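Okay, here's what each chain looks like letter by letter:
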Amino acid sequence: MTTEAIAPEVVTAAVDSRRDARGGTATRIVLRLITGLGVLWGATTLSFLGVRLAPGDTVDVLLGEQQRTPEVEAAIRAEWGLDSPAVVQYARYLWNVAHGDFGRSYVLQRPVSEVIGSQAGPTSALTGAALLVALVFAVVVATSTAQRRRSRAIANAVELALVSTPSFWLGIVLLSVFSFQLKIFPVAANKGLSALVLPALALGLSLGAVISQVLRDGLERALDEPFAVTVRSWSVSENALRLRHGLRHAALPAVTLTGWLVGGLLGGAVIIEEVFGRPGLGRVTVEAVLAQDLPVVLAVAILSAFVYVVISTLVDLLYLWLDPRLRRDARNGERR
Amino acid sequence: MAVLAAACGGTDTAARESAQPVSGGSLTWGVETEPTTLNPHLNGQSNTHLMLRNVFESLLARTTEGGFVGWLATGHEISPDGLTYTFPLREGVKFTDGNPLTATAVARNFTTMQDVSYSGGWSAGPLSHLAAVTARDERTVVFTLKDPYAPFLDFAAGFPLISPAAWDKPQLKAGGPEIAGTGPFVLDRYVKGQELHFRKNPDYNWAPQSAKHQGPAYLDEVTYRFLPESSVRTGALTSGQVDLIEGVSGNDAALFRDNPDFTYSTGLNNGSPYTLYWNATFGPATDERVRKALNNSVDVNAVLQSIYRGERTRGWGIASSVDTLFYDKSIEGTYGADKAAANRLLDEAGWTAKDSDGFRTKDGQRLTIELVQAQSTVRDQREVLLQAVQAQAKQNAGIDLKLSYVDLGTYSELRKKNAFGSIANSDTITGGIDIENHWYPPTPLGTLNYSRATDPELSTWLRAAASTTDTAERAKQYAQLQRFAIVDKAYGLPLYIPENQIATGAHVYGAGYRPYKQLPENAYDIWVDRG
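Taken in sequence, the protein lines are chains A and B.
Last residue of the first sequence: 336 (the working numbering), numbering continuous.
Last residue of the second sequence: 531 (the working numbering), numbering continuous.
It is worth saying that the hints were derived from the structure and are not from the lab.
Since we're looking at a predicted model, the values are computed, not measured.
Virtual Cβ for every residue (Gly too), placed ideally from N, Cα, C.
Incorrect hints may appear among the rest.
[As the list claims (entries may be wrong)] Covered stretches of chain A, going by a simulated chain B footprint (3 or more residues, C-beta under 8 Å):
1) 113 to 126
2) 173 to 181
[Stated by the list, open to error] If you want a taste of the chain B side facing chain A, the calculated C-beta under 8 Å gives, among others:
3) Gly125
4) Ala174
5) Ser231
6) Leu403
7) Asp407
8) Ser412
9) Leu448
Please model the complete structure; the sequences and the hints are all you need to start from.
Okay, structure coming up:
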């Protein structure tokens, strides 16, 4: 991702043409979309290759501990289309995926799109809520503790503890206290907002702690810059300075990091879903990998690639919105 | 976790015994395992049958002693030549989609199962003996076998039956609400990753003779909540968020046992114990002396005590000790835990040198046995158990027992290439079919024959046992096989008998285990009295 954005060049005096800037942004989006499609195709192909090269013949896995006879083997090959050459299978898979058909799960015996479709909702809700928890935590903690020695030290300790706590353990602790003992939140399932609170905390807090550290660091630098002195001299309150002016300057690295971490939320969701007995893609993925349920594994790989593409595009666009200097750079970049 | 129990109110145990069954109400049951498919024909996860058995029923039920009693069939008859099995069906049984239970409907369950494009080879073993299954009339099903095969009764009597309307459903293989059975409950909702929800079948009036009551189920609704994490199941029960849980870890058992707020019961599984099968056709274990040394190097009782705190039962033979028909108890104490013998055997076998890590070697090769287990089958703290076994093999005899947990693809490849030193396995198949799977030659019949034993005696005993319906005679054949395979040849080291645990709140009555099969019973006999 665009790390140079963290230290943008010194602003040179230039006429900022809004029209040009928009043109640059539009080109950038189109380019992003094209590369995004390329990434998706690459992910599909690599995943397909990967599962082909993985040990174990699919027919053996599907046979499990059943009797192996030529009839059974032929029936399995015919049912799952394993009787044609690998290249044909690949082409057929690409064609089907392009039409939104991800095949049928070997193990669950259902269409993959149906499995993923039914599990994507709970996972998005969980990761979305976790992200909200993380961002609120990070912004509140970073803005209230930056350049304040004592509270900074406490926040640092809390963050360190949260980062180094496995989400599995945090989940169990949260459940023990708030569900089993105090009975404020239900133990499991996916019913209503109250069931989302504990899983979102368990997943989001450690993420928030990481972002908060980066954000505070950026904020402290920003508050040392000359503009902060200028704003203070306008007798703007300290909080307004931090929230309205400082945060915007400090946000870029944190945004980069968040975009990167969100992709990893799916990994964390695996454990949280298991602990809280929630439906979701994480559990489906782990079970599919262990059982060599290839259609599901492939679909999840493609979906993750898609999510990464979307997020990194969003992050790039967010840069342009957050920092006007980059819009001009984008335009200059085009002319170079 | 111990503090959790404090939150619950007290109940009177005396009231519990005098309680009368109450109809109505609902129950939430926290379970460990989610079914991969809800089609009972294609589901091999024995831990999910407590759910599927709410919907799908069979021809006959078992008694604790191993006998058969009427259920959807009023009885059974086997011709003197052992080739014809006749089942007269009970009157008035209906599937919950309105279809009557006819002999044709029953027969179609079995004929469709013979079609590999439907079954994918499931149940191929017992079905390979079936020549034809026909409806003699509306109410009589007749099975004709190719050869006398006594285990067929256990298979046919326990086979779950689905409605004839199911065969045309697009979701046939995945199962679900549109596949009807005849059971006391109807599956009306499945949320993947979350729960199964059943409601009462009000027309139900054909419970097996072994059930504790007749007529419709007591409960109006049952919800099975999937809670894979054992401490979460425990917390959910102690906090009253579920009424019943299945799968209680050894550490949590003390919370519920002898606690008036809960009931706790365990049931040893029938089938084969959790056994380390030594591959007699690969690596050092091809030498019988090495296999015997392996069995002698481990003090199984001590290992079980330290890992499970006395909460698990030692397995000794090829069958579970709860198998009243086929388990020969005389094998107990006849082998194992003899460090001196283990070392003597290895010396004799030429594994006399030792390397710097303390393992025995021969011609510069270390005495390594690689134990392979599919990651997806690791449960019940077995990874810790195996570590303890590994430590004993090293300490007592200098054997390097290498533990490999692999994905299913690698597992099936190693199995196919015969490149494993040992496979650990248990199963819950009954009727002698499990014994056949483990001890016939690997192809085509011995699908679970991990020791790769092919001694002709094994097949002779198995055939002799299968060709007679005299249970005592069958038991005698299996007893000979057991002594030969475990004591004389040391093809495997049985460790413990897997079990299920059920804990309930004090307001839940009637939860228990299926006779003979010994897996947790469905919700038919359960009632709740929340007082």
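Flag every earlier hint the structure violates by its number, smallest first.
Result: hint 6 breaks, nothing else.
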